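Engineer: Using the hints, put the two standalone chains together into the complex.
So the protein lines, in turn, are chains A and B.
Using this note's numbering, the first residue of the first sequence is number 1, and each one after it goes up by one.
Using this note's numbering, the first residue of the second sequence is number 1, and each one after it goes up by one.
FYI, nobody ran anything at the bench for these hints, they're computed from the structure.
Keep in mind it's a predicted model, so treat the numbers as computed, not measured.
No residue lacks a Cβ here, since even glycine has one placed at the ideal position from N, Cα and C.
Accuracy of the hints is not assured; some may be wrong.
Derived, one-sided and incomplete: chain B residues facing chain A with beta-carbon distance under 8 Å [stated by the list, open to error]:
no., residue
1, LYS14
2, ILE16
3, TRP22
4, LEU33
5, GLU36
6, ILE37
7, VAL49
8, ILE52
9, SER54
10, ARG59
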Amino acid sequence: MAGTIIVDRIESDASYASSINVAAQVTFSNTVNFGVSSVAPVAGVYSPTTNNLAFTTASTERMRIDSAGNVGIGTTSPTTFKSAKLAIRNSASSGESVLAIINNSSNVYEGAGILLGSTAASTNYGATWLYHTYNTNSPTNSTSYAFNISQRATDGTYVSNIWNVDYQNSVSSWYRPNTSALQMQLDASNNLLFNSGYGSAAVAYGCRAWVNFNGQGTPAIRASGNVSSITDNGVGNYTVNFATAMPDTNYAVVVGSGNNVAANDVGNLTHISSTSSVPYLHYETSVFRDVEQLFLAVFR
Amino acid sequence: MKRIIYPTDDGGVKIIIPAPAWLAEEGNTMEVLAQEIVPAGKPYKIVDVSEIPSDRTFRNAWEYTA
Chain A
1 MAGTIIVDRI ESDASYASSI NVAAQVTFSN TVNFGVSSVA PVAGVYSPTT
51 NNLAFTTAST ERMRIDSAGN VGIGTTSPTT FKSAKLAIRN SASSGESVLA
101 IINNSSNVYE GAGILLGSTA ASTNYGATWL YHTYNTNSPT NSTSYAFNIS
151 QRATDGTYVS NIWNVDYQNS VSSWYRPNTS ALQMQLDASN NLLFNSGYGS
201 AAVAYGCRAW VNFNGQGTPA IRASGNVSSI TDNGVGNYTV NFATAMPDTN
251 YAVVVGSGNN VAANDVGNLT HISSTSSVPY LHYETSVFRD VEQLFLAVFR
Chain B
1 MKRIIYPTDD GGVKIIIPAP AWLAEEGNTM EVLAQEIVPA GKPYKIVDVS
51 EIPSDRTFRN AWEYTA
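Same shape as in the complex, but just chain B (with noise of 0.2 Å):
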C-alpha cells in the first residue's frame, strides 16, 4: 500500500490516502491521483505505508523532507 505525502505551506505534511475501491478501477493510479489532489507546484512523494509512523501523538508536528 502506498501513500502521498506533500509539504503544507506552514511547514507540516499532508498524508494523502487512496481509496482501495477508486484504485482499483482501470487507469487509477497513485501518479494520477498525486496530479488531481496535489496542489500544482507543490512537491510531493508516493511512498510506502510502512514509512508514515502509526504513533500519531506528534501528527501536528511531523515535517516534510524530500
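The shape of chain A in the complex, shown without the other chains (with noise of 0.2 Å):
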C-alpha cells in the first residue's frame, strides 16, 4: 500500500506473525524500544536481553550495549574485561589487529595517534595502564604500575616487564625482553642505572664538562662539550672555562697530553678552586710548553 501511515503504537500479538516488513524508509518521531527477542536480526538491532541492545551482521551479533552502558564490540559481556566501559575483542586465531588507531593528518605534530590521561583526583586510581596481561584479571605485575609494557610467551603465559614506571617508588625501569635483567632505571634519588657491560645496571656518573684542543700556533678547540672557552694564559698554561658550572669545587678532573715527540718528565696539572672554570698546565722536562694534543674532562 502506497502512502503514509501515521500511528500511535505498533505493537504484534503473540499469536500472530511477530514481523512487520516496511518497504520504505520509516522515521520515528518519538522514541524505539526493543524487546527482548532471542533470534538475531540478519542486519539490525534488537534486544538479546533485558535492557540491553545487540547490533548485528550477517545474523551475529557484533556490539552490544549492556544495561549499565558498558559497550562491547566482539564481546557479550564488555565487564568481563577490568570492568571495561568499553571492550573490544578479536578471538582470531592469528594476523588480525584489535584496534587501529591511525593519525593521518598531514602535519603530525597537530594531534596525538593516541592519547592516554586520567583527571581522577588519586593517583591511586588515575593511572594510566597499558600492560599485557594473559587473563582478563589483574596483571602479575605490581599494581603501582603507572605506566607498563610487558610480555608474554608463545603459549600465553605472562613473561616479564619491559618498561614499567612505578609511580608508588618513583622509579622507571628498562628490562632485557625474554629476561627479568634489568637494563636502566631512573631511581628515586632522580639517578640514571644502566648497564654498560659489566653484568648489571649501576649508576652512571657522567663527564660534566670536556674539551680537546690545540695548543700550539694559534690555540684552537677542536671539541668540546660544556665549554665555553679556553683562556691562554701563557705557554702551556690554560684555563677551561665552563658553560654551565659545577654544583660544587668536589668534582674530578682527568687532564691529558698527546705529542709526537716521547720526552721525560711530561705531565699535566690542575688544581681544583673554583667551580666555573679549572687551570690546565701542561709542561714537559719541567718547562711549561704548548703541544699539539691537550684534553681535560670533568666528572661529578
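Structural biologist: Shown next, in the form of C-alpha cells:
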C-alpha cells in the first residue's frame, strides 16, 4: 500500500506473525523500544536480554551495549575485562589487529595518534595503564605501575616486564626482553642506572664537561662539551671555562696530552678551586710547553 | 674567527679562545663570552684570530696594547 500511515502504536500480538515488513524509509518521531528476543536479526538491532541492546550483521551479534551502558565489540560481556566501559575483543587465531588508531593528518605534530590520560583526584586510581595480561584478571605485575609494557610467551603465559613506571616508588625501569634483567633505571633519587656491559645496572656518573684543543700555533678548540672557552694564560698554561658551572668544587678532573715527540718528565697539572673554570698546565722536562693535543674531562 | 684579549695584572695578556660548539648556540656571542670571562673592570678587545701571533716562542712576554 502506497502512502503514509500515521499510527500511535504498533504492537505485535504473540498469536500472530511477529514481523512487520516496510519497504520504505521509516521515520520515528519518538522513541523506539526493542522487546527481548532470542532471535538475532540478519542485519539490525535487537534486545537479546532485558535492558541490553545488540547490533548484528550476517545474523551475528557484533556490538552490545549492556544494561549499565558498557560497550562491547566482539564480546557480549565487556565488564569481564577489568570492568571496562569499552571492551574490544578479537578472537581470530592470528594476523588480525584489535584496534587501529591512525593519525593521518598532514601534520602529525598537531595531534596525537593515541592520548591516554586521567583526571582522577587520586593517582592511585587515576593511573594510565598499558600492559599485557594473559588472563582477564589483574596483571601479574605490581598494582603500583602507572605505565607498563610487558610481554608474554608464545603459549600466552606472562613472561616479564619490558618497561614500567612505578609511581608509588618513583622508579622507571627498562628490562631486557625474555628476561627479568634490569638494563636501565631512573631511580627515586633521580640517578640514571644502566648496564654498561659489566653485568648489572649501576648509577652512571656523567662527564660534566670535556674539551680537546690544540695548544700550538694559534691555540684552538677542536671539540668540546659544556665548555664556553679556553683562556690562554701563557705557554702551557690554560684555563678551561665551563658553559654551565659545576654544582660545587668536589668534581674530579682528568687531564691528558698527546705529542709526537717522546719526552721524559711529562705531566699535566690542575688545581680545583672554582665551580666555573679549572686551570690546566702542561709541562715537559720541567718546563711549561705548548703541545698539539691537550684533553680535559670533568666528572661529578 | 675571533679572540678576546685582556691584560693581566703583571703586564702580560690573556687570550680567550671560544668553543665553536658554545658559540653556535643561540644567544652566545663574543660579547657575552667577554662579559662572563673577563674580570670586572678589565679592558678587553675582540680581535680577529689573524691578529694573534702564531709563533709562541715568546708568548709569556706578549703585552696588551689598547
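Engineer: May I ask you to test the interface hint for B:ARG59 with respect to chain A, counting a Cβ-Cβ separation under 8 Å as satisfied?
Structural biologist: At about 5 Å, which falls below the 8 Å cut-off, the nearest Cβ of chain A leaves the hint on B:ARG59 intact, so it holds.
Engineer: With a cut-off of 8 Å, does the beta carbon of B:ILE16 approach a beta carbon of chain A closely enough for the hint to hold?
Structural biologist: 5 Å, holds
Engineer: Let's test the interface hint: is any C-beta of chain A closer than 8 Å to that of B:ILE52?
Structural biologist: 6 Å, holds
Engineer: Would you settle whether the hint for B:TRP22 is holds or violated, based on the nearest Cβ-Cβ distance to chain A being less than 8 Å?
Structural biologist: Holds: closest Cβ of chain A sits about 4 Å from B:TRP22, inside 8 Å.
Engineer: Please verify that hint: B:LYS14, Cβ, nearest Cβ of chain A, below 8 Å or not.
Structural biologist: Holds. Min distance 5 Å.
Engineer: Does the CB of B:GLU36 sit less than 8 Å away from some CB of chain A?
Structural biologist: At about 7 Å, which falls below the 8 Å cut-off, the nearest Cβ of chain A leaves the hint on B:GLU36 intact, so it holds.
Engineer: Does B:ILE37 hold up as a contact with chain A if the rule is Cβ-Cβ below 8 Å?
Structural biologist: B:ILE37 check passes; min Cβ-Cβ to chain A is 6 Å, inside 8 Å.
Engineer: Given B:VAL49 as an interface hint, is its Cβ closer than 8 Å to any Cβ of chain A?
Structural biologist: 6 Å, holds
Engineer: Would you check whether B:LEU33 satisfies its interface hint, that is, whether its CB is within less than 8 Å of any CB in chain A?
Structural biologist: 6 Å, holds
Engineer: Verify the interface restraint on B:SER54: the C-beta must sit less than 8 Å from at least one C-beta of chain A.
Structural biologist: Status holds, d = 5 Å.
Violated hints for the displayed structure: none, as all numbered hints are satisfied.
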